[in-house]
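Spelled out, the chains give:
Protein chains: 2
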Amino acid sequence: MAKKARSPKMVYYFGKTKTEGGGKHKELLGGKGANLAEMTSIGLPVPPGFTITTEVCDLYYQNKRKLPKELMTSVKKSIATLEKELGKKFGDLKDPLLISVRSGAAISMPGMMNTILNLGLNDKSVQGLADATGKKRFAYDAYRRLINMYGDVVCGVDHKYFEEAFDKIKQKYRVKDDNDVPVEGMAQLCESYKKVYRRHFGKPFPQDPMGQLELAIEAVFRSWMQSRAVKYRQVENITGLLGTAVNVQSMVFGNMGEESGTGVAFTRDPATGQNKFYGEFLINAQGEDVVAGIRTPQPVEKLAKWNKQIYGQLLAIKDKLEAHYRDVQDIEFTIEHGKLFMLQTRNGKRTGAAAVKIACDMVKEKLITEKEAVARIPAGDLTQLLLPSFSPKAKATAKSSGKLLTVGLPASPGAAVGKLAFSASEAVERTSKGESVLLVRKETNPEDIDGMHSAAGILTSTGGMTSHAAVVARGWGRCCVAGAGNIEIHEKARKIKIGGKTFTHQDTLSLDGSTGEVMAGEITTQHPKLSGDFSKVMQWADKYRKLDVRTNADTPADAKRAREFGAQGIGLCRTEHMFFEGERIMAMREMILAGNEEDRKAALKKLLPVQRKDFTGIFTAMKGLPVTIRLLDPPLHEFLPHDERSQAEMASRLGVKRSEVKARVSALHEMNPMLGHRGCRLAVTYPEILTMQVTAITEAVIACKKKKIAAIAEIMIPLVGTATELQLLSEQVREVIAEVKAAKKVTGKLDILVGTMIEIPRAALTADEVGQYADFFSFGTNDLTQMTFGYSRDDINTFLPDYLAKEILLRDPFQSLDVTGVGQLVRMGVEKGRSVKKKLKCGICGEHGGDPDSIRFCHEVGLNYVSCSPFRVPIARLAAAQAALASGK
Amino acid sequence: MAKKARSPKMVYYFGKTKTEGGGKHKELLGGKGANLAEMTSIGLPVPPGFTITTEVCDLYYQNKRKLPKELMTSVKKSIATLEKELGKKFGDLKDPLLISVRSGAAISMPGMMNTILNLGLNDKSVQGLADATGKKRFAYDAYRRLINMYGDVVCGVDHKYFEEAFDKIKQKYRVKDDNDVPVEGMAQLCESYKKVYRRHFGKPFPQDPMGQLELAIEAVFRSWMQSRAVKYRQVENITGLLGTAVNVQSMVFGNMGEESGTGVAFTRDPATGQNKFYGEFLINAQGEDVVAGIRTPQPVEKLAKWNKQIYGQLLAIKDKLEAHYRDVQDIEFTIEHGKLFMLQTRNGKRTGAAAVKIACDMVKEKLITEKEAVARIPAGDLTQLLLPSFSPKAKATAKSSGKLLTVGLPASPGAAVGKLAFSASEAVERTSKGESVLLVRKETNPEDIDGMHSAAGILTSTGGMTSHAAVVARGWGRCCVAGAGNIEIHEKARKIKIGGKTFTHQDTLSLDGSTGEVMAGEITTQHPKLSGDFSKVMQWADKYRKLDVRTNADTPADAKRAREFGAQGIGLCRTEHMFFEGERIMAMREMILAGNEEDRKAALKKLLPVQRKDFTGIFTAMKGLPVTIRLLDPPLHEFLPHDERSQAEMASRLGVKRSEVKARVSALHEMNPMLGHRGCRLAVTYPEILTMQVTAITEAVIACKKKKIAAIAEIMIPLVGTATELQLLSEQVREVIAEVKAAKKVTGKLDILVGTMIEIPRAALTADEVGQYADFFSFGTNDLTQMTFGYSRDDINTFLPDYLAKEILLRDPFQSLDVTGVGQLVRMGVEKGRSVKKKLKCGICGEHGGDPDSIRFCHEVGLNYVSCSPFRVPIARLAAAQAALASGK
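Those protein sequence lines, which keep their order, are chains A and B.
Using this note's numbering, you'd call the opening residue of the first sequence number 1 and step up by one each time.
Using this note's numbering, you'd call the opening residue of the second sequence number 1 and step up by one each time.
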């Protein structure tokens, strides 16, 4: 780590007196701190305060979790400035200055970091606050919240003990709702809370405000490394941050009565992108109440009725913020006694659809340029636009037959179908076993991150559009229905009740995240139709990108869909799937069982016409676009049945002894099939398989040619590790092509290239030799990753979770290309290949071809194309454009 | 391939008229041709002739197996020269010039290529020859040999048909031996042979001598690519040759009567190296009769009695040749009517022991220098010196109890014990199943190469010390007893009879290749004592080599033996084997079965003292030399029983349910264990295993220190693929060391380094990152080869034979390091590692560490040491010296 200069500036003030930071200091002050300073600078009403830098957090960890000595001196100076500006004293017994302590890293992590409000209160000043505000109940409510949050966050006292104490008070006063507890109950509650605190923490609740502050600062820093924060950074792939900043800000209160309130809002609709002020507020409440989703808030438009002036002021601020930040803002505000305060602004998270619409609108509004629009849409989020929705007909039928159970808030769009899971761990476990599940929770919290990530959809019974569940789900494009208040959740019994009907963990529901509808049973889903804005963004992307985008498709139907999504060819057409259909598998098995070349050839003869038909279909669908066909790749044992019954069936079908089938299966067993007899190794030992496939391809090309269909074939030889393999096999391929041409009396040139997959480390290392025999390279980064890391994809889950948790790996290398290691081989492969063939066509056909980060790398190393699943083609087009714009080449 | 100038010189003459080539033209004229020219030049009596170059062979294959047009013109010119020199006409009907046609590549391949003798005879000239020599029987014998060889070699008529015809003639004359067939029988035989030829080839035997010659030349070229020749080149790793030359030489006849004869000899004893003329001869025979081992010849010394002058002439030639070639020569000679002719000379193949003795003797004799001596001994052949022999006591006991069955010729030294195999394919098959077998054959032929290579030893009932079996076996250092004439072999019945006793394929025999003894049952073998010459060669080697040589050893006994062989440390001490002994495996299984860290720790606690004892033993054996200890590497399932019975046993021993054991075994099952949860991945998920092992190592070092034993430990973390893994684990290792030191109150520095194995491609690619946390690198080239090629060592046999046969691979990459691919990663690993740590210690601990070719590469890339099995340490020392001498650095 770079050495830090001694005593950097640790605290940045914002307020009328002075504002030391600004929007450009996100790394140092965190997003929240930088924006508080920025808002202050542009004249918005922000309660003054100061920010302790992320560098201090880093020092704290470098210093074995101790705050730097000088810190509190700076903090005290800033507190003094604050006191002067507001005319109140921190720790004053009569009219105390209260503060909040909030975390805030450079990248927003909603709900991840701990917050403490009302800091500065103690047994004496709570009385002063009551006197000064004339609101005793408010004062004790503030104090009990402080004790609760402080106990929980700073001292690790479980929140449930406080809840129990609260329940007792409520029982005592026979009330159900928190707000119905009378003033004296609140005062008693403070006493109970202090006892809870003392019993579980071992010391009395601290009465010294500055001591409270110091420990609170430390608690924020500590929370940076707690497991849920670490996990969130993993999931979101957030790395390279120094730590969190700490924002200390003077309190304003939305819970001072009916003229007070609090709210959160987006400057545009984050779900659809529509340009309208969008949000929620609660009267007489603190901000945490909205975010936590405990009470169900009102839409922000209703503010107009409640306080027209404030609403107008907010609309003006909305415009000012958008013009200033040139992006959608997600704001928090509080109204104290009819006075508006801004507590936060940040770029608003939005769905993929919203991102597209907002970008297009902002270009129209001349707020941003076309290039900025392209650069700004998170490519991965396009998934959401391409997500299935329910078939309207199927849905209408379902609804008319009484399947609609309830309507919650449309928190995150999409359609999800699954069985019910009642805890995050259950969702993770059942998903890993292949089930599609919906995570059902009263409300979600950061501990649920895992389960939310694995579930097909999320359903909550409380909480609004900006609740934890909603924000997180939208960020991931996960379908979510929130605040479905009609649902009674019985977690332990693993069932829910809706309108008298009961559903258990065995039952399937369907969620519509775009309407909030919750329906019984499984409703058919359909592919989305894409909007005009989407097309526009794709056009812009195509204008700027340098990489071609192809697709991985094995059937004419997939090929057609991919073409509609803009695929410029097929980068990987696997032929093995073709052998599983109907009768083909029997011919394949006959071939495998054959004891000699002659019998193998006889069996292959049966496969030739069906293969030819397959290829003709695909060439027809991709007319005029190249189709890369990979020759047979998997080990032969994959085509044989492994259970007794199927083996017996196969034996009787083929008229051989069971023992013969069994013997062959056992002979084909391998210790490490990944590294065994497959890929081009099959073609070396059974050249007749290659001959059959190449014959089928060539005949299909010729058949298309006769029908005036421009078939362009690229024959790809898989798993090549040595130049001699490719030399031998490419010669064989070319000979077969020549023979078929001669047999069919075709004289003109056919559009057939012969190339190879680079998926074995040795092939990349010797690409200058291999390249001599290849018309093209296609990097098979799945296998390349397996061999470069020595990770079996099928077995990696035995250790990957530990590797991610210990940050040995920051991401699953099968999801995002390991640029440092595997990428080195890709780069070497391209450079060495082109050292012998300057214009060698290079592409990638591993699953990384649809991952935006990996696509950036592909652009950088100068590949000609990426290939990915049909569904990810638009993502790849956009990511390719972003890569080109970012690199400037 | 480089373009050839048009019409190169195709034919090189040797004789009194002119001699166009010489010893330096081996590449062009083949070894035989170059030496014939060379011998002619230095005045030895060589029958004149000419050599067609290897370039012509290459042209033949380039030209789709057609002889270049210009060839026969040149051949005819040379024939004319020959006719002039000898005063005879080729094809003359009265006194025809007869010639031999022999193959000869740059590298000698005994028995591999086809030979045709007596070429130029036809129905008419055979009579002329009879008249000219006055030996009708001789003339018809020569003709029938021509028809037989020509039919077999040129036209593919199976030899057995000729044998059948011969048998009929012998039956007709009621004789047993070929030589007893009378003259008229021989003439009839020629007629029968011509019929056989015509029946099986479809055309009559050609009567035009020049036509015979042209087809014979082509047959020699053709034989270059026949499978047994290809196979021999594979086994011997002979690559890069253009092809074979063709030697056309005037015939001389050793079968002209009792004053004629033929022989083969070595200028020194090729088995022991003793400086005495060594060989065999047959009176009235052709050269092929000696080599083929059909008749049992007499020792060459007996020539002195038979013809003292000739013997004296031969001894003079022996000295002249050794002085000229400065090496042992293997010669063929023929005596025609009391006149000596030299037919061949070449460097003599010798056993490892002979190579050592000859090299030392020649240094003493000032024939060669010390460096030449070191460079000349094939390092791999030292194996033979280190081969076990029979324990004299066990052998004496066996012999005194009547186990000695017979004594054959001591054809190739060593001791071999095995069951009997009666065909090459049987030997290959049973060996591959793990049996030790002896290949028993009447005589061996080139088709048996495979079986000879896999058998533990070879036993033949006919043939001499220079028979095919003997020559090939010595070349490989395979134990061989030849010409054991008392043995009756019943191939079909799979049994042999010796002196009334019968042994089947189920019975075990013991062969002593140094004495020729054949003994019943298994006799204990022992390790050899090394000669003074051996020590001298090792001293020379140590003087010139730059690489250190370490050993792979897991036990104090192995460590001790390796030290005796000159190992300078342990390069790989595997710890997993230590867990299989006795009670340990139960503790290990308990650990694996444990459901949590605490229980694992409890089980590991039982292993700690035994591990400590293991290490103390090894440190004591290697006192003062470094010991590289690899932490636990294999996947845990390897420690669990996989059959029902053992699982039940384990369950009852550990007091758990069977189902629990079964469940754990099944949970640990992996699709590709090679790429699964093993190596340092175990340490990441179960840090307590690493802690136990490092504690044991550190405590052992401290215990040794207290006993004044200088223990030097190098802790090696296996299977590292990312720098972060090594960072995390090396920190843990260093912490454990510090804790143990603190607990034991040791303050001084301990000799413990912490390094890693580079065996995953990614580790080599990122060695500049990995190197930051390593004190040393050890290249694990076994796994590195597996992952770089994508070859599972356990499964490679499914395709390797085809890969070798098709020359996709020239050698098994697990036997000899693939310099092009895997070597690139090794080089990268060394260079990148040293870019961050200039003096980073680098070694190799894969099995390549004992392979001379791989050692040369290790020297070139600047490794500090190689490590190999104890047995191969001397080989590595010599190979390292040869590498240093060859590279001149």
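Think of the hints as simulated: they come from the structure by calculation, not from any bench.
Check the hints yourself; a few may be wrong.
Any copy, or any two copies together, can satisfy a pair, since identical chains are not distinguished.
Okay, derived cross-link-like pairs now, DSBU-like style, lysine-lysine, Cα gap no bigger than 30 Å in a straight line [to be verified]: (1) Lys64 to Lys837; (2) Lys657 to Lys433; (3) Lys741 to Lys64; (4) Lys837 to Lys371; (5) Lys88 to Lys135; (6) Lys606 to Lys399; (7) Lys601 to Lys64; (8) Lys837 to Lys9; (9) Lys806 to Lys837; (10) Lys749 to Lys64; (11) Lys605 to Lys806; (12) Lys66 to Lys606; (13) Lys601 to Lys231; (14) Lys16 to Lys613; (15) Lys605 to Lys9; (16) Lys77 to Lys492; (17) Lys707 to Lys276.
Is it within, between, both or neither when you check Lys66 against Lys606 at 30 Å Cα-Cα? neither (75 Å within a copy, 39 Å between copies)
As a check of your reading, is Lys601 near Lys231 (CA-CA no more than 30 Å) within one copy, between copies, both or neither? between (55 Å within a copy, 27 Å between copies)
Homomeric proximity label, Lys806 with Lys837: Cα distance no greater than 30 Å: Close across copies (26 Å), not inside one copy (43 Å); limit 30 Å.
Within a copy, between copies, both or neither: where do Lys77 and Lys492 come within 30 Å Cα-Cα? neither (52 Å within a copy, 105 Å between copies)
Could you place Lys64 and Lys837 in one of the four classes (within, between, both, neither) given a Cα distance threshold of 30 Å? between (55 Å within a copy, 29 Å between copies)
Status of Lys433 relative to Lys657 across identical chains (alpha carbons, at most 30 Å): For Lys657 and Lys433, the Cα distance is within 30 Å only across copies (25 Å; inside one copy 36 Å).
Is the C-alpha distance from Lys605 to Lys9 at most 30 Å within one copy, between copies, in both cases, or in neither? neither (79 Å within a copy, 50 Å between copies)
Given a CA cutoff of 30 Å, do Lys741 and Lys64 count as a within-copy pair, a between-copy pair, both, or neither? between (75 Å within a copy, 23 Å between copies)
Alpha-carbon proximity between Lys707 and Lys276, which holds within one copy, between copies, both or neither at 30 Å: neither (55 Å within a copy, 83 Å between copies)
How would you label the pair Lys837, Lys9 (within, between, both, or neither) given a Cα cut-off of 30 Å? neither (56 Å within a copy, 37 Å between copies)
Should Lys88 paired with Lys135 be assigned to within, between, both, or neither, using CA atoms and 30 Å as the limit? Answer is within; shortest intra-copy Cα gap is 18 Å, inter-copy 138 Å.
One pair to classify: Lys606 and Lys399, alpha carbons no more than 30 Å apart. Within, between, both, or neither? neither (50 Å within a copy, 66 Å between copies)
Hint compliance for this structure: hints 4, 6, 8, 12, 14, 15, 16, 17 are not met, and every other hint is.
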